[in-house]
Amino acid sequence: MTMFKKILIANRGEIAVRVLQTCREMGIATLALYEAQDRDSLHVRLADECVLLPSGFLDGAAVVRVAAERGADAIHPGYGFLAEDVAFIRACQAAGITFIGPAADTVDAVHNKPAAVLAAQKAGIPVVKISPAVYEHDDDDALRSVIDLIGFPLVVKATSAGRGPGSRLVKTQENLAEAIRSAQAEAYAVFGSRRLYFEQAVIPAHQVGVQILADQHGHVIHLGEREGSLIYGSRKLIEEAPAPCIPLEQREKLWETALHIAKLFKIEGACTVEFLVDNKGHFYFSEVKARIQTEHPLTEMLTRVDIVREQIRIAAGLPLQARQEDAVPRGHAILCRVSAEDPRFRLMPSPGQLQKVRLPGGKDVRVDTHVYEGFTVSSQYMPLIAKVTAWGHDRAHAIARMQRALNEFTVTGVMNNLPRLQEVLRHDDFIAGCYTTDLLPQIMTMGEKRPATRDLAAIAAVLYALRNSTTTPSEPARLQAQRGWHRSSRRLPE
Numbered sequence: 001m002t003m004f005k006k007i008l009i010a011n012r013g014e015i016a017v018r019v020l021q022t023c024r025e026m027g028i029a030t031l032a033l034y035e036a037q038d039r040d041s042l043h044v045r046l047a048d049e050c051v052l053l054p055s056g057f058l059d060g061a062a063v064v065r066v067a068a069e070r071g072a073d074a075i076h077p078g079y080g081f082l083a084e085d086v087a088f089i090r091a092c093q094a095a096g097i098t099f100i101g102p103a104a105d106t107v108d109a110v111h112n113k114p115a116a117v118l119a120a121q122k123a124g125i126p127v128v129k130i131s132p133a134v135y136e137h138d139d140d141d142a143l144r145s146v147i148d149l150i151g152f153p154l155v156v157k158a159t160s161a162g163r164g165p166g167s168r169l170v171k172t173q174e175n176l177a178e179a180i181r182s183a184q185a186e187a188y189a190v191f192g193s194r195r196l197y198f199e200q201a202v203i204p205a206h207q208v209g210v211q212i213l214a215d216q217h218g219h220v221i222h223l224g225e226r227e228g229s230l231i232y233g234s235r236k237l238i239e240e241a242p243a244p245c246i247p248l249e250q251r252e253k254l255w256e257t258a259l260h261i262a263k264l265f266k267i268e269g270a271c272t273v274e275f276l277v278d279n280k281g282h283f284y285f286s287e288v289k290a291r292i293q294t295e296h297p298l299t300e301m302l303t304r305v306d307i308v309r310e311q312i313r314i315a316a317g318l319p320l321q322a323r324q325e326d327a328v329p330r331g332h333a334i335l336c337r338v339s340a341e342d343p344r345f346r347l348m349p350s351p352g353q354l355q356k357v358r359l360p361g362g363k364d365v366r367v368d369t370h371v372y373e374g375f376t377v378s379s380q381y382m383p384l385i386a387k388v389t390a391w392g393h394d395r396a397h398a399i400a401r402m403q404r405a406l407n408e409f410t411v412t413g414v415m416n417n418l419p420r421l422q423e424v425l426r427h428d429d430f431i432a433g434c435y436t437t438d439l440l441p442q443i444m445t446m447g448e449k450r451p452a453t454r455d456l457a458a459i460a461a462v463l464y465a466l467r468n469s470t471t472t473p474s475e476p477a478r479l480q481a482q483r484g485w486h487r488s489s490r491r492l493p494e
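Mapped onto the working numbering, the consecutive letters of the sequence shown carry residue numbers 1 to 494.
No lab work stands behind these hints, which were simulated from the structure alone.
Some hints could be false.
Heads up, simulated EDC-like pairs for lysine to aspartate or glutamate below, C-alpha to C-alpha not over 20 angstroms straight-line [to be verified]:
id	residue 1	residue 2
1	Lys263	Asp108
2	Lys356	Glu373
3	Lys6	Glu49
4	Lys266	Asp215
5	Lys171	Asp148
6	Lys171	Asp438
Could you put the whole structure together from the sequences, leaning on the hints where they help?
Quick look at the structure:
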């Protein structure tokens with residue numbers, strides 16, 4: 001079996017850079033795609049070739065056409081966009097181009113979230129209550145059936161995203177219609193689909209995902225679990241591994257169940273099996289993410305396994321290099337998502353040009369990013385600046401190292417969430433380790449409370465200094481985001 005000669009990276013931002021780096025290490029040529037607002041992104045400048053994609057990353061036909069025209073023999077989809085698009089995977093196969101990810105039939109099986117949960121239930125795996133059918137159009141009878149089956153609270157989810165964009169927690173029937181409307185709008189904007197399903201909300205809960213790798217030769221291993229309970233809306237802020245509040249015996253049961261599910265759906269490639277764990281320690285299968293995930297650096301830091309390299313090798317028909325006995329998580333790792341967001345306005349996007357960027361470094365600190373000084377953060381996508389991952393011998397060591405890294409991180413020109421990240425890391429409940437999905441909303445609510453009168457002068461002085469130390473435009477960031485404002489980019493070198 002031969003390795004790929006050229007891989008098209010059908011994504012943008014930091015994940016495109018991440019895939020490109022491993023391709024370079026493997027001696028594989030890279031072909032980057034970009035939209036107009038991304039022409040100065042680091043992945044475009046680092047790739048061997050780059051092609052403008054005016055129709056955007058959701059245009060699967062255009063992506064396949066570019067791959068064929070430029071001689072790419074494989075496509076890595078990253079996460080989001082086309083990563084779990086069954087029609088796209090089949091189009092790649094029809095064109096003779098290898099899709100780096102699970103097979104179309106597998107993705108189809110796990111992507112139908114209601115059917116996947118029911119299949120797991122039949123296999124004896126504990127699951128949450130879920131709507132038996134996908135919801136796409138207004139259907140009062142279907143909604144009544146869902147309410148009768150699941151009750152409140154429930155979670156509205158996009159079939160393409162799970163807990164990502166298009167996810168809404170609904171506690172009362174009065175809020176259901178608006179949650180459906182906004183979830184469909186968000187899911188369509190990100191994934192091009194309005195298909196939703198409904199799931200019983202487990203509150204409070206831990207959200208835990210087990211990383212799986214499986215090759216075409218029957219080898220299936222796990223790389224431990226990740227805790228992703230610090231969520232605000234549908235967005236994760238901080239993740240860590242291993243899960244700090246789940247005892248080893250319970251974690252081992254999660255690993256075994258995740259392996260069972262991966263074999264049940266005949267996974268080949270990288271995937272994450274996700275669970276909800278309640279405050280009594282009971283866990284419930286939620287979904288399979290049949291792709292690499294944003295937070296994969298956590299697992300790589302703990303196990304020293306290059307997940308992207310394994311994805312590429314698996315797609316090329318090669319056996320796993322990683323072995324279960326060698327892929328034991330060691331130490332503790334924490335990942336923070338640093339974004340251009342305004343902490344004064346519920347983390348609304350703050351697009352603009354980065355005037356100063358100083359990335360943290362030092363022992364066992366990893367930064368995944370696509371930005372640099374002078375880079376323009378677009379208002380068209382989630383305003384992620386970087387993912388910072390810190391490893392420690394134990395959890396306290398990892399927290400201390402992350403606090404140090406965030407203190408070293410400097411970015412001006414846009415508002416950012418560094419103060420919010422530091423606030424969470426200092427919170428007593430986070431330090432204690434037994435937090436749930438309730439913690440971050442509580443912290444956000446406290447941060448938005450009206451300050452005492454004696455603090456107003458000091459806060460005003462700080463905000464004035466911040467405004468004058470950045471190039472944030474005079475129009476509020478939340479209005480810029482609504483207008484789709486962005487600065488013009490520099491041209492690519494000829």
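- prompt: So which of those numbered hints doesn't the model satisfy?
  reply: Result: no hint breaks.
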